[in-house]
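This is what each chain is made of:
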Amino acid sequence: MSLYGNDKMLMGIAKAEVTAAMPVLPPAWIVNFLFKLSEGDAAKLEKAATAWEKTAQEISGIITSIRDTAGKLAKEDWNAESRQMFEQKVDAMCEQLEQSRAFCEVVKNALLVCAAALLAYAVFAAAMGAYLAVLAAVFVAAIAGVVTAPAASSAMATAGVCLKITYAATAVLGGVLSIAGSIFGIHAWVTSGRQEKLGNTEARADFKQAMVSGGVTALTNLAQNAANTGLAYVNRFDMPHKPSGLPLQKIDLDADRNKDGTWTVGGGGTVGRAGSPFSIEGGGNIKFSRNDGDFLFNGLGAEGKYSHTPPGGPQWSAGGKLDYSDEDGVFQGPKNGELSGGLNGEWGIGNGGAKLETEGKKNFEDGSWKISGSGGGTYQGGDVAGYKGEYEVNEKGEGQYQGTFNNPIYDILHGGDQGKK
Amino acid sequence: MGNPELEFRTGNIKKLSGDLKNTVAPKFDQAMKHIDGDGTIEGGDFSIVGTVAAMSYPIGLQYAFQDLATHKRQVEKYADAVAASAENYRKSEESSTVKRTPK
Chain X
1138 MSLYGNDKML
1148 MGIAKAEVTA
1158 AMPVLPPAWI
1168 VNFLFKLSEG
1178 DAAKLEKAAT
1188 AWEKTAQEIS
1198 GIITSIRDTA
1208 GKLAKEDWNA
1218 ESRQMFEQKV
1228 DAMCEQLEQS
1238 RAFCEVVKNA
1248 LLVCAAALLA
1258 YAVFAAAMGA
1268 YLAVLAAVFV
1278 AAIAGVVTAP
1288 AASSAMATAG
1298 VCLKITYAAT
1308 AVLGGVLSIA
1318 GSIFGIHAWV
1328 TSGRQEKLGN
1338 TEARADFKQA
1348 MVSGGVTALT
1358 NLAQNAANTG
1368 LAYVNRFDMP
1378 HKPSGLPLQK
1388 IDLDADRNKD
1398 GTWTVGGGGT
1408 VGRAGSPFSI
1418 EGGGNIKFSR
1428 NDGDFLFNGL
1438 GAEGKYSHTP
1448 PGGPQWSAGG
1458 KLDYSDEDGV
1468 FQGPKNGELS
1478 GGLNGEWGIG
1488 NGGAKLETEG
1498 KKNFEDGSWK
1508 ISGSGGGTYQ
1518 GGDVAGYKGE
1528 YEVNEKGEGQ
1538 YQGTFNNPIY
1548 DILHGGDQGK
1558 K
Chain Y
31 MGNPELEFRT
41 GNIKKLSGDL
51 KNTVAPKFDQ
61 AMKHIDGDGT
71 IEGGDFSIVG
81 TVAAMSYPIG
91 LQYAFQDLAT
101 HKRQVEKYAD
111 AVAASAENYR
121 KSEESSTVKR
131 TPK
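Residue numbers (the working numbering), protein chains in the order written: chain X, 1138 to 1558; chain Y, 31 to 133.
One chain only, chain Y, in its complex shape (with noise of 0.2 Å):
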């Protein structure tokens, strides 16, 4: 059943899904990690006189946990996509193969 060269490549192409799937996205988590923790700064660090900076630097703080968890959920779809391509490129392959060799 199935061409073994076939199912070797959409193997291949399943596996650069899962990597970025499993291996890449979390690596933002851990990207994030580090400004959640000690990136949070409190109204007074900047001193009083400093108030323009400390009602700035929230916004940037925030700018950066959207832009990270928008990346990193693209980079999701981006695997969902390419699982999803190597599903259609074996289907296709499959059924012009099948076309070959009728029943």
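Just chain X, same shape as in the assembly (with noise of 0.2 Å):
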């Protein structure tokens, strides 16, 4: 948990202080939706970042082990001709993986500047969101004629304004995810041009075959923005005293491949109104996989949420999950799989509130398992503060616990991943 996490929370603030402006000043609609396009999750973005991060220096081991290996053989062990080509070409494989770890660089610092934008948006959403409050504020009073007439129509004219200044910052967030984010792409197709030209002939049919199955989870994300933009639009009149729109309020679609070659497709929406006592979400998926052009099925998971949202009341959720997947097919091949699930529950009355999450997961392969429970506080659906402990055995039976303490606000004063435990 790092600065990255607070995102949520501020974006939290900022759509409930816009709801409240909503029923006076009709600009704040189109806040609300504009606001609902410019949701991400800065912290899962940080976090794939930190994750890019350490694949680029298991490359440069990658390499340091190569060269120490191809080294370790005295000259006189292999003085023949073949010894020259093979030097060769562990040099040129040494140069190409330079290229795949300065990929990894890349797609690294593109990510951190999509969870700073998204960031830097959540912080401007939650002052506009309280400045509009405010506006929706005066505009009630000029018409109880606690402040004079004119009030009214000038509160009105700004809130225009500030329509058109978060439009503009949804296109300049929309600009710099834009710009960031095709870097992923294109940095892929000029790092394999500069693979082939260091030799690897399978660079170039390496980046086809990405553009093929990014390509299937590419159109997935985009129908799911595509269906939620419509939802967002459809749904941005949506008020707790005065519910329009439809009940669903977004989907989820997922069509993702790992590094198996194991896809993982499924879908899910959040049903519910803003007004409504309670919101359902839910989903399942499959796994599946193809091998040599045999259809292997490799598990399946669901998912579920219910929310109660009363009006004034103490607020509560809980969920669960369930999952299993087999690399080698379900009742298939002769591994075995991997069962997890969770529970999860929030509890909250106005801004603040408690969290607990369960998780367990065993593999039935080795044997090894893990449970783990996390607790904290929220403000307004991010994290505030919390403990996580996790314990886990490894397929020899060796236990071991580790404890996790996160304080976001301690990172924002003191800059950093501090208090770790």
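Treat the hints as calculated values from the structure; they're not laboratory data.
Please note: incorrect hints may appear among the correct ones.
If you want the footprint, here are the derived chain Y segments under chain X, 3+ residues with CB under 8 Å [claimed, not checked]:
1. 44-52
2. 67-81
3. 86-94
4. 104-111
Selected chain X positions facing chain Y (in silico; Cβ < 7 Å) [to be verified]:
5. Glu1176
6. Ser1197
7. Cys1231
8. Glu1235
9. Ser1237
10. Asn1358
11. Asn1365
12. Phe1415
A virtual CB, placed ideally from N, CA and C, is assigned to each residue, including glycine.
Assembly of the complex is requested from the two constituent chains, each provided in isolation within its own frame, with the hints serving as guidance.
Structure representation (structure tokens):
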């Protein structure tokens, strides 16, 4: 957990404020719509950036270990022409891998730019939401005659300006995300070209295959975002005391391919209105792969969550998930699969709340298992502070406990990932 | 039987082949593991206005998988080639030795 974890909380505050302004200031409807379009997950992008960084480090390690391994053999051990050819190949391989490492760094940096842009927007949105809420109060006061009547029209005009500013800020966010985001695909092409020049004859084919597999995920993401844009627009007037639009809030579509070629394809949705005392999230997925043309069923997963949010009273939610995966096919192949399940619950009054999560995982192939639990405080749906404990038993039966304390407020004050234990 | 010095050399070359195959090649799987887990990003995580990023990212991720898998395969191929040339080396040295001492 770091600084980036705050974007959810800020967007939560922003949406609550702008919803409060919506009954009296029509421009706030569109601001609400634009906020919905700009809500991402900066913390997850940062987590992904860390993963790319780790992969980059592993590639550096591979380069060193190839050079070490090849260099260990003395000249007199192998003094033929074939040795020179081998050494040239090793050099070329290391240069190609240097490009692979650089690619990971580029992806990491682009992800951090995207995360920073989302966080910056969330800060802006929270401020804009607060301003619109104040403006709405001025408008109401003007109508009621508490302040002079011209203040009402000026409040409305100012709200119009706020909408323009939000529109521009959203466009800027879209621009930054599009430019930084294009790098992922474009730089893959650039890297494959550099690799080809360095003697990797398969580099272009790798890029083409990435376009095919990645394209499926890309189109699924496009479909999901297009549908959610429509839903956000249809539901832009949705307010706690005046529900409108569709009960379906957003949908979730997935088609992701992992490193071993297993696809996870699924769908889900969130049903519930802004004013309704409950909402339900549900989804399911299946996992499959193609092994030499044969279709292999690799497992399935499902999850659901019920949220109870009555106006005024305490709010709570409870959810669960279950997942089974088996890399060589369910009830097929010599290997056994992995089962995981989890339960989560949240409780809160007003803006503050508490969150509890437990998760368990058992690998039937090597016998290892892991359970984890976490608890913490939340504000407007974002994590404020918490503790996470993990107990893991590896395939040799050795147990290990690890606990981490998260405190984003501390992180903001001290500028980094402190407070870990 | 055989030349002890020659055996030592082919043994060392074969060890190089084994190291490439058993020590270096598995490191590629380790490298892919990081982006295989946390590297999978949901379409909505870039936000809706970031759809371009959500469409470009999977291509970058799949390219990294393809690229690392290819390099892993190439390292294994080199390891096999090294082992084969060690074998050839031994055979040619042996046959030249045999020529000098007729049976």
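Here is what the structure says about each hint:
Judged by the Cβ-Cβ criterion of 8 Å, the region 44-52 of chain Y is covered by chain X as claimed, because 3 of its residues qualify and three suffice. Beta-carbon proximity to chain X at under 8 Å applies to 15 residues in the region 67-81 of chain Y; the threshold of 3 is reached and the given coverage holds. With a threshold of 8 Å between beta carbons, the proposed coverage of the region 86-94 of chain Y by chain X holds, since 9 of its residues qualify and at least three are required. Counting residues of the region 104-111 of chain Y whose beta carbon lies closer than 8 Å to any beta carbon of chain X gives 4, which reaches the threshold of three, so the coverage claim holds.
The restraint placing X/Glu1176 at the interface with chain Y holds, with a minimum CB-CB distance near 6 Å, inside the 7 Å limit. The beta carbon of X/Ser1197 is not positioned within 7 Å of any beta carbon in chain Y (closest approach about 10 Å), and the interface hint is therefore violated. Violation of the interface hint for X/Cys1231 is found here, the shortest Cβ-Cβ separation to chain Y being roughly 10 Å, above the 7 Å cut-off. Because the smallest distance between the Cβ of X/Glu1235 and any Cβ of chain Y comes to about 11 Å, over 7 Å, the interface hint for this residue is violated.
Contact between X/Ser1237 and chain Y, as hinted, is supported at the beta carbon level, the nearest pair being about 5 Å apart and thus within 7 Å. About 3 Å separates the beta-carbon of X/Asn1358 from the nearest beta-carbon of chain Y, less than 7 Å, and the hint is met. Contact between X/Asn1365 and chain Y, as hinted, is supported at the beta carbon level, the nearest pair being about 6 Å apart and thus within 7 Å. Taken as an interface hint, X/Phe1415 does not check out: its beta carbon lies about 22 Å from the nearest beta carbon of chain Y, beyond 7 Å.
Taken one by one, the earlier hints fail for this structure at numbers 6, 7, 8 and 12, listed in ascending order.
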